[in-house]
Amino acid sequence: MTEFSPHVVLPLLLWGTLVGLDLVSVPQAMISRPVVAGAVAGAIAGDIEAGFRIGVLFELFALDVMPFGAVRYPDYGPATIGAVALAAGTPWELGLGIGTAFGLILAVLGGWSLQVVRRWNARSIQRQAAALAAGESSAIRRLQYGALFRDALRGFTLTLTALVLASTLSESIRLDRQTAVAFTLVAIGSGLAAAVNSVVRASGRGPRLKWLIAGLAVGLLIAVLL
Amino acid sequence: MNRRLRALLRLFAVQGTWNYERMLGVGMGYAAEPLLEDLKAVDPVRHGEAVVRSAEFFNCHPNLAGLALGATARAEYEAVAGPQIVRLRTALCSPLGSMGDQLFWAGLVPALVGITLVAVMLGARMGAIAAFLLTYNSIRIWTGYWSLRTGMSAGMKVGAAISSSWLPKAIEWVGPAAGFALGAAVPAVAAWYLGIFGWAGAIGAAGVGVAGFALTRWFGPGLTSVRFALLAMILLLLFRRIGL
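Going line by line, the protein sequences match chains C and V. The opening residue of the first sequence carries number 0 in numbering that gives the first Met the number 0; numbering runs sequentially from there. The opening residue of the second sequence carries number 0 in numbering that gives the first Met the number 0; numbering runs sequentially from there.
In case anyone wonders, no lab produced these hints; they're calculated from the structure. All values derive from a computational prediction rather than experimental measurement. You may find that some hints are simply not true.
Derived SDA-like pairs: lysine to any residue, alpha-carbon spacing no greater than 25 Å straight-line [stated by the list, open to error]:
no.: 1; chain 1: V; residue 1: K156; chain 2: V; residue 2: S93
no.: 2; chain 1: C; residue 1: K209; chain 2: V; residue 2: A205
no.: 3; chain 1: V; residue 1: K168; chain 2: C; residue 2: P66
no.: 4; chain 1: V; residue 1: K168; chain 2: C; residue 2: L208
Pulled a few chain V residues facing chain C out of the computed Cβ check, cut under 7 Å [to be verified]:
no.: 5; residue: R5
no.: 6; residue: Q14
no.: 7; residue: L181
no.: 8; residue: P186
no.: 9; residue: W217
Ideal Cβ positions, reconstructed from N, Cα and C, are used throughout, including at glycine.
Model the full structure from these sequences, guided by the hints.
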């Protein structure tokens, strides 16, 4: 269990806000990829192992939906941070499953919050329609800064919600060892299904398939050596 | 600060005002502002019209938006007719979106993520994360710079400049690279997670994986992998509650 003290919570809040902004608005530097968000959150929470275990699993889920065009997708960034906060300090084989369940719900909530912000942006643009039609550069700047603020607020609120819930749940959830391990195995199986789905969909039948098979052979070799 | 550099930096926030009506439009207008500044002194009326056009509906991959931004900004200075500039913007939406998606979302990102996952499995940990961020952002920043420069030098001929550039070739090889990297990552990740659970645990997780793969493909978008995972966990809780 993470120690929810200010020197852990405040950096996690800041990290969650940056990660939330990175997904779409600025700078899209890929710090919102779950493996990155999870590793850094694990380092902040004092349990890097939990950060990597959760980050890698959420990365498998994230690979299943790439942000093509206007597709709707879950927001795994703040969700990964919340999941790491919940699972940190517990042996990973016991904490991964429940952390994943918690994080996936947050990711869906995060995806929904993106839609809210986008509708909010559209309303702001409608309010500034006259200024935009008149070619006022200041109106464009106002809209841009306002939208960035809304997205930062979204990331902050999501992370705050995740941390408050993680703090509450870590006090109240008591699972026996067998159930916790079963949860972890279901989470791992589901994550692998998501990854295989994305790989099969992306590979098609052309030259990509040959490279995929070559990659699988290398991966199997690594798996044997691990 | 150099106006082109300011526009490049603003391009990193081109999706800042993303919405379902204008999509990247307002973000493009924000990035275009430094490029159009000189037009204000020369031709204030044209400048006003150019600002209006720059913030209208636009959609493409954010990392290639510089091509459209540079091309339309140059066309404004060359006093190309307004409707022609609007047509150019519209014509660039689909190809820049499709090429960017193939290059970045279906190619570079999964390829680098796959390599990073394998590196993490092999113990590189934070070094792998740093290498991932450094590699992706170096390529992304260079692409942004190249896009803006190419757009500004090609103007209305940006289409020909894109077809003769490195982009189509890069798309050809980055897809197979992504397939290879992800192919290598999946078994390695599976071994990394399941190694400590023994055969029984591995078979159980594999069973869930096979069911998840089959059901999500069978039901399509109605049953996403996230929904499947949550459903499987709810079922597990119910089974445990009734003592199975």
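Query raised in the report: Per the CB criterion, is W217/V less than 7 Å away from chain C?
Result: Status violated, d = 11 Å.
Requested in this report: Verify the proposed pairing of K168/V with L208/C, using a straight-line Cα cut of 25 Å.
Outcome: Cα-Cα ~18 Å, so holds.
Query raised in the report: If you draw a straight line from the CA of K156/V to the CA of S93/V, is it 25 Å or shorter?
Result: Roughly 17 Å between the alpha carbons, so the hint for K156/V and S93/V holds.
Query raised in the report: For the hint on L181/V, does the least C-beta distance to chain C fall short of 7 Å?
Result: With a closest approach of 5 Å, the L181/V hint holds.
Query raised in the report: Does A205/V lie within 25 Å of K209/C when you go C-alpha to C-alpha?
Result: holds, 24 Å
Requested in this report: Mind checking the CB of R5/V against every CB in chain C and telling me if the closest is under 7 Å?
Outcome: violated, 12 Å
Query - Straight-line alpha-carbon gap K168/V to P66/C, limit 25 Å - result: holds, 22 Å
Requested in this report: Go through the hint on P186/V and say holds or violated, using the shortest Cβ distance to chain C against 7 Å.
Outcome: At about 4 Å, which falls below the 7 Å cut-off, the nearest Cβ of chain C leaves the hint on P186/V intact, so it holds.
**Report entry** Proposed interface contact between Q14/V and chain C, which counts if any beta carbon pair is under 7 Å
**Finding:** With a closest approach of 5 Å, the Q14/V hint holds.
Checked against the numbered hints above, the structure violates hints 5, 9; every other hint is satisfied.
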